[in-house]
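Asker: For the protein sequence lines, the chains are G and C, in the order given. The working numbering puts the first residue of the first sequence at 7, with every later residue one more than the last. The working numbering puts the first residue of the second sequence at 4, with every later residue one more than the last.
Treat the hints with care, since some could be wrong.
In silico negatives: residues of chain G with every beta carbon more than 10 Å from chain C [stated by the list, open to error]:
#	residue
1	72
2	110
3	163
4	176
5	252
Simulated crosslink set (PhoX-like; lysine-lysine; CA at most 20 Å straight-line) [to be verified]:
#	chain 1	residue 1	chain 2	residue 2
6	G	182	G	52
7	C	16	G	237
8	G	52	G	62
9	G	235	C	144
10	C	167	C	144
11	G	237	G	72
12	G	182	C	16
13	G	62	G	72
14	G	97	C	16
15	G	182	G	62
What the hints contain is simulated information worked out from the structure, not anything from laboratory work. All of these numbers come straight from a predicted model, not from anything done at the bench. For each residue, glycine too, the CB sits at the ideal point set by N, CA and C.
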Amino acid sequence: MKRRSTFLMTVLGFGFAFLYIPILSMIVFSFNSSRLATVWGGFSTKWYASLFSNQKVIDALLLSLKIALVSSTIATILGTMAGIALARFTKFRGRVVFSGLVTAPLIMPEVITGISSLIFFIMLADWVGWPGARGFTTITLAHITFSMVFVSTIVNARMVQSDRAIEEAAMDLGSKPWQVLFDITLPVISPAILSGWLLAFTISLDDVVITSFTTGPGSTTLPLLIWSKVKLGVTPDINALATLMVLTVGAGVVAAGVIMFRAERRRLADERLAYRNND
Amino acid sequence: MSAGRFSRWFDRKGWAGLIIGAPYVWLLVFFFLPFLIVLSISLSTNTPTAPPFSFGGEHPVINPSAYVRILTDSLYVRAFLTSLFNAGVAALLCLLVGYPMALGLTRVSTTWRNVFLMLVILPFWTSFLLRVYAWMGLMGKNSWFNGLLTDAWNILVPMDWAVKSVPMMHSNFAVVLVMVYTYLPFMILPLYASLERLDPVLDEAAMDLGSRPAQVFRDVTLPQSVPGIIAGGMLVFIPAAGELVIPTLVGNASQPMIGRLISDEFGQARDWPMASAIAVALLVLMVVPTMLYSHFQAKAEGSK
Chain G
7 MKRRSTFLMT
17 VLGFGFAFLY
27 IPILSMIVFS
37 FNSSRLATVW
47 GGFSTKWYAS
57 LFSNQKVIDA
67 LLLSLKIALV
77 SSTIATILGT
87 MAGIALARFT
97 KFRGRVVFSG
107 LVTAPLIMPE
117 VITGISSLIF
127 FIMLADWVGW
137 PGARGFTTIT
147 LAHITFSMVF
157 VSTIVNARMV
167 QSDRAIEEAA
177 MDLGSKPWQV
187 LFDITLPVIS
197 PAILSGWLLA
207 FTISLDDVVI
217 TSFTTGPGST
227 TLPLLIWSKV
237 KLGVTPDINA
247 LATLMVLTVG
257 AGVVAAGVIM
267 FRAERRRLAD
277 ERLAYRNND
Chain C
4 MSAGRFSRWF
14 DRKGWAGLII
24 GAPYVWLLVF
34 FFLPFLIVLS
44 ISLSTNTPTA
54 PPFSFGGEHP
64 VINPSAYVRI
74 LTDSLYVRAF
84 LTSLFNAGVA
94 ALLCLLVGYP
104 MALGLTRVST
114 TWRNVFLMLV
124 ILPFWTSFLL
134 RVYAWMGLMG
144 KNSWFNGLLT
154 DAWNILVPMD
164 WAVKSVPMMH
174 SNFAVVLVMV
184 YTYLPFMILP
194 LYASLERLDP
204 VLDEAAMDLG
214 SRPAQVFRDV
224 TLPQSVPGII
234 AGGMLVFIPA
244 AGELVIPTLV
254 GNASQPMIGR
264 LISDEFGQAR
274 DWPMASAIAV
284 ALLVLMVVPT
294 MLYSHFQAKA
304 EGSK
């Protein structure tokens, strides 16, 4: 059998065309001078100019970044704890419930998470008078909750792969458990923690559904701003905004990929070197 | 020496308690408790108060009428069927497109494979909302894409059927198409993960024993990739069934999906018990396939 069948390569080509043509089309039309977003009327960058002078867009972007920064950081701390707990503590009371709680938000449809968070915040304000107005606080709390389980999944996967022998050796040499945690376990899983944080940051930055339920008057994140505009149809300034977002994230992901790829290659080279020196 | 006692207690048990306890309590308070509240509201009675529900009064304390309405009112039954149908078709199409793509990924050189994998993952990192929006641009009446499809259609069919533009927006077709587009990476990645592990020697052995490529695929490759197919299917089906953004932007408003219905019952109708009951029903529908999935996974892990 030919390992590289023509059929498979054709499907691969069409598949990537399917994935990228809509995005490329959106980028091209962001430079369209016509007000009609889908009819070409000549090259122009005026939509970008109008975007940068739009205070609403800038405010929404800043709010989104603030929420993403705070929520992803707290989610990373809690998610890392959960990942370590699941991988290292095999026996404790309520472990089954705990592992269920850590998986459930992953598969929970966003609408349900959104509506239950909103009802919870309304009832909470009713019972204890906090949180008063919905906005930054409620959105951040909801984002922490659904993004921490992504972090814990990544950290847990890394923990399961990592070698426990080093930790046990440190324990045998008299290290206290939390010293082992900070000196060995956390440095070993730090790449997983970093990718967990990145993922939590991006899903917070991108979230529409849960944010739309937990927001209040005056707290418009960037996705909510886009959401309210695209419900009315395709507009050229959203094309420009989309292009900027896609290119920023794309550049970030490619850079992160290249850095991780290089680090991985260096690690492999180091390991080979270490083995050779041992011989 | 209480400090010493504390630090000894902390070394022995406290640190473990902290690591388990903090995320545990967080998820109990912010995930489980809200769900319990929704569950109890789903059994309450809708009243014109604030918040708009109450237990008891002239109705029984536990009022199952919202669930009865889900089962009997054709609006809700249709919404559930539409959601399951759209999500099912989307998962199937993702499989049909994603499987050959994943298989193709395993057949290219390592360098290209890394590039292609990056290209599969990249859309996943870019805004979901904007990927849906990109299709709104393509499907609209005046777009170049719609124009292309219109021309193709008009050439292929008799003059009488000619159209000015292909009516794509605001239909179930649009919903399924955009779902396939946005969720395709979720299908490709688990499929790739399970296909990558397959030993090419098995293919060669089957070839040597006289199987044709199609037979090798059917008898060797396909059966071994079943866990990947199930994982990918779940990852597409579950979020697709509860989807809110896609049907709102490109769907047909007269054929709402469940996500839209929950949001409307809650926001416009201010019927919290109804919205809660639909949410609980949707969750039950999701739990069954998820349990099937973890069952299959546990079996696969066990046989390893």
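Asker: Work down the list of hints and note, for each, if the structure agrees.
Answerer: Tested hints:
no. : hint            : result
1   : 72              : holds, 18 Å
2   : 110             : violated, 7 Å
3   : 163             : holds, 12 Å
4   : 176             : holds, 13 Å
5   : 252             : violated, 5 Å
6   : 182(G) / 52(G)  : violated, 62 Å
7   : 16(C) / 237(G)  : violated, 53 Å
8   : 52(G) / 62(G)   : holds, 17 Å
9   : 235(G) / 144(C) : holds, 19 Å
10  : 167(C) / 144(C) : holds, 9 Å
11  : 237(G) / 72(G)  : violated, 25 Å
12  : 182(G) / 16(C)  : holds, 11 Å
13  : 62(G) / 72(G)   : holds, 15 Å
14  : 97(G) / 16(C)   : holds, 13 Å
15  : 182(G) / 62(G)  : violated, 52 Å
Checked against the numbered hints given earlier, the structure breaks hints 2, 5, 6, 7, 11 and 15 and satisfies all the rest.
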